[in-house]
Amino acid sequence: MSRELPTVQNGAADQGSGEAGSAGGPPDQPPAVSSGKLMLTLGLAGAIAGLVIVLVFGWADPRIQAYRAKVLREAVQEVLSGPARYETLYVTADGLSPTPPAGVDTVMAEKVFLGYDASDEPIGYAITGSEPGFQDFIFLIFGYDAGRERVLGMKVLESKETPGLGDKIFKDLEFVDGFREAAPPLVGVKPGAGTGDEHEVDMITGATISSRTVIEIINHRIEDLGPLLESGAAAEAAGAAGADDAARTVSVGRESGAGTEES
Amino acid sequence: MGELFWILISAMLINNFTLHLFLGLCPFMGVSARVETAVRMGMANIFVLVMTAICVWLLNTFVLPYAPYLRLISFIVVIASFVQITEMTIKRFSPTLFRQLGIFLPLITTNCAILGFAIFNTNRSYDFLEGLFFALGAGLGLTLALVLMASIREESELASIPALARNMGLVLIVAGSLSLAFMGFAGLFTS
Amino acid sequence: MRETTAGYDVVRGIWKENPVLVQLLGLCPALAVTNTVANSIAMGLATFFVLVGSSLLVSTFKRWIPHEVRISAYILIIATFVTIADLVLAAVVPLIHKELGAFIALIVVNCMILGRQEAFASKRSVGRSLLDAVGTGTGFMIALLMMGGFREILGNGSLLGFSIFGENFEPWIIMILPPGGFLTLGFILLAFGWWRERRAEVVRIRQWPHGVASREEAA
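Residue numbers (my numbering), protein chains in the order written: chain P, 1 to 263; chain X, 1 to 191; chain V, 1 to 219.
No wet-lab data here; the hints were simulated from the structure. There may be inaccurate statements among the hints.
As the list claims (entries may be wrong) - Mimicking SDA-like on lysine to any residue, the simulated pairs with C-alpha atoms at most 20 Å apart in a straight line are:
no., chain 1, residue 1, chain 2, residue 2
1, P, K171, V, L95
2, P, K190, P, R180
3, P, K37, V, K62
4, P, K160, X, A165
5, P, K70, P, L55
6, P, K37, V, L95
7, P, K155, P, G188
8, P, K160, P, L173
9, P, K37, V, K98
10, P, K70, V, I174
11, V, K16, X, A165
12, P, K171, V, P66
13, P, K160, X, M168
14, P, K160, V, A38
15, P, K160, V, I96
16, P, K70, V, A38
17, V, K62, P, G36
18, P, K111, X, A181
19, V, K16, X, S125
20, P, K160, V, I174
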């Protein structure tokens, strides 16, 4: 190599550029341009590029954030059947709290949403969860009434399941509806083979694994968060059947997906 | 530990970078004529991927939270630099290998697989260890696809192929069959 | 370099040197996002924007870009345009942005764009570079539309979301899955190969010396 590597400065681009240029250049090199000029050119170009990007970002970012908030809001509305308002609660070691735990990024922190109806009575929690399905992770949100121990609704937010089969977990409205008023722990049954038990949910023929994953996500999340939800709901539940809440065993150590996944 | 294993196997088999996610197709089409070259290209890719995983983690943790819009540019710069370093390292320690790989090394820079890996890694917010396993799985998957394609192409060189197919059309159809076969890995891990 | 007419510069990218179908560049997006026509259009437009924008800039500033760092400079310019396209898509059509996913960002490493800068925009006038970029971008879009149409019609029974075949059509699901991408492009290339073979055969026959009565004798 006839050329030395330019000294590494703040622009790491130079390191790649020096070699790439000489590797692709003609065999008889033109007189070497000073490294200073190279870096100046690249630095200037980089600065202009950065400026343009910052401007576009400033315009675009509020819209992107607004859209994300809207998607979440609509999902919560759907699984809780139209609450008048909802509040965000963060999951901490001691229970649910409206303030995020210290040192944790609010976007990544695990949270649940507590919905209230028009008369300010709590309807239930909206909880997210994700686990590997057939192809890749399935990410969903579901509504849960901790007082009556009933699932209120389910909505798949992200899935990459097989089109035509696995994607029925959100396309088959009967399947989605089957989660309303189901009682955890949910048990999946073949359509038509159920006994009408309140724990049963009809699965999708031909998409056993995808539908089972949806059921498992809900079961696991309720197992993990159950005690925390009850402690929150017990303080506010109106007319809850308090006797049922006692002494629920929680299985330990099941790793379920983290909170909100940003796409 | 189970989750790390899932990440590895998922990137390698279930969501193979080349046959399912359509990344790394340029080398797949161009380098897959000989098994030996394919293996070497695969190894180089694994190395660059693992290094990229480390750099991406560093960037995402310390630099990019302050300037998320510079993500793409910084990734490209880092990848280009690493490929340079790899090229120089190979040239010093194994000139034969360097001569054999020739133009392919700089091509790794424009290999969508490396940049695609960096982006997926960031989108899924993998931590350091998860990122490494993801890189390993992706690299192994790339190598696997490359070697499979190369073996098939080497074998088919002796077959009589009609003139109309003596182009990349056949390679793509073979790739389609491979992709179809790899779909069988879906559902490998059931909860 | 052979002097080409302005018209040729445009048309070349569309047919004769179509980036996807002839040069086999930019395959990653061509296969990945062509599962529906809507996605193909979005990706085609985004790539068109990046290609034309970077060609314009590279051609305008070619005298100020030192030869040694030209590749890095091109990539910087391309990456800037891609970032802009990514942000604009995310803000304006978030659903499509989600479908295209990481592949918008991957436009940066689309060999086609870098290739055009290196081979053309860095050497020719701004006007010609613009024409070349428009031609190549259009060729890319056409290729994407071909594949997207094929895959969506067969794999989903729809076109742009509108169902064409009605209730009883059993879609050929594989077409919108990854293998379908490979197979579709493969079959298109086979069709091209067949077409080229027929043309070459006609030329061969015409060039054969006189006195040959039939094709069998010529072959």
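Hint-by-hint comparison with the structure:
For the given pair, P:K171 sits about 17 Å from V:L95 by alpha-carbon distance, which is consistent with the 20 Å threshold. Of the pairs offered as hints, the one joining P:K190 and P:R180 holds, with about 17 Å between alpha carbons and a cut-off of 20 Å not exceeded. The suggested pairing of P:K37 with V:K62 holds, with an alpha-carbon distance near 15 Å, which does not exceed 20 Å. A C-alpha spacing of about 34 Å is found between P:K160 and X:A165, which places the hinted pair above 20 Å, so the restraint is violated.
Pair hint P:K70 plus P:L55 does not hold up; C-alpha atoms about 24 Å apart against a cutoff of 20 Å. Restraint check for P:K37 and V:L95: the C-alpha separation of about 44 Å exceeds 20 Å, so the hint is violated. Our distance criterion of 20 Å between C-alpha atoms is met by P:K155 and P:G188, whose separation comes to about 17 Å. For the hint linking P:K160 to P:L173, the alpha-carbon distance of about 18 Å falls within 20 Å, and the restraint holds.
In summary, the hint linking P:K37 to V:K98 is not supported, as the alpha carbons are separated by about 41 Å, beyond the 20 Å threshold. As the CA atoms of P:K70 and V:I174 are separated by approximately 34 Å, the hinted pair breaks the 20 Å bound. Between the alpha carbons of V:K16 and X:A165 the distance comes to roughly 19 Å, so the proposed pair stays at or under 20 Å and holds. Taking the CA atoms of P:K171 and V:P66, the gap is about 55 Å. The hint is violated against a cut of 20 Å.
Using a Cα cut-off of 20 Å, the hinted pair P:K160 and X:M168 is violated, with the two alpha carbons roughly 29 Å apart. Restraint check for P:K160 and V:A38: the C-alpha separation of about 18 Å stays at or below 20 Å, so the hint holds. Only pairs whose Cα atoms come within 20 Å are accepted, and P:K160 paired with V:I96 is accepted, the gap being roughly 15 Å. A hinted pair counts as satisfied when its Cα atoms are at most 20 Å apart, and P:K70 with V:A38 does not qualify at roughly 23 Å.
Using a Cα cut-off of 20 Å, the hinted pair V:K62 and P:G36 holds, with the two alpha carbons roughly 19 Å apart. A hinted pair counts as satisfied when its Cα atoms are at most 20 Å apart, and P:K111 with X:A181 does not qualify at roughly 40 Å. A threshold of 20 Å between alpha carbons decides the hint, and for V:K16 with X:S125 the separation of about 43 Å lies outside it, so the pair is violated. Using a Cα cut-off of 20 Å, the hinted pair P:K160 and V:I174 holds, with the two alpha carbons roughly 15 Å apart.
This entry does not satisfy hints 4, 5, 6, 9, 10, 12, 13, 16, 18, 19, going by the numbered hints stated previously.
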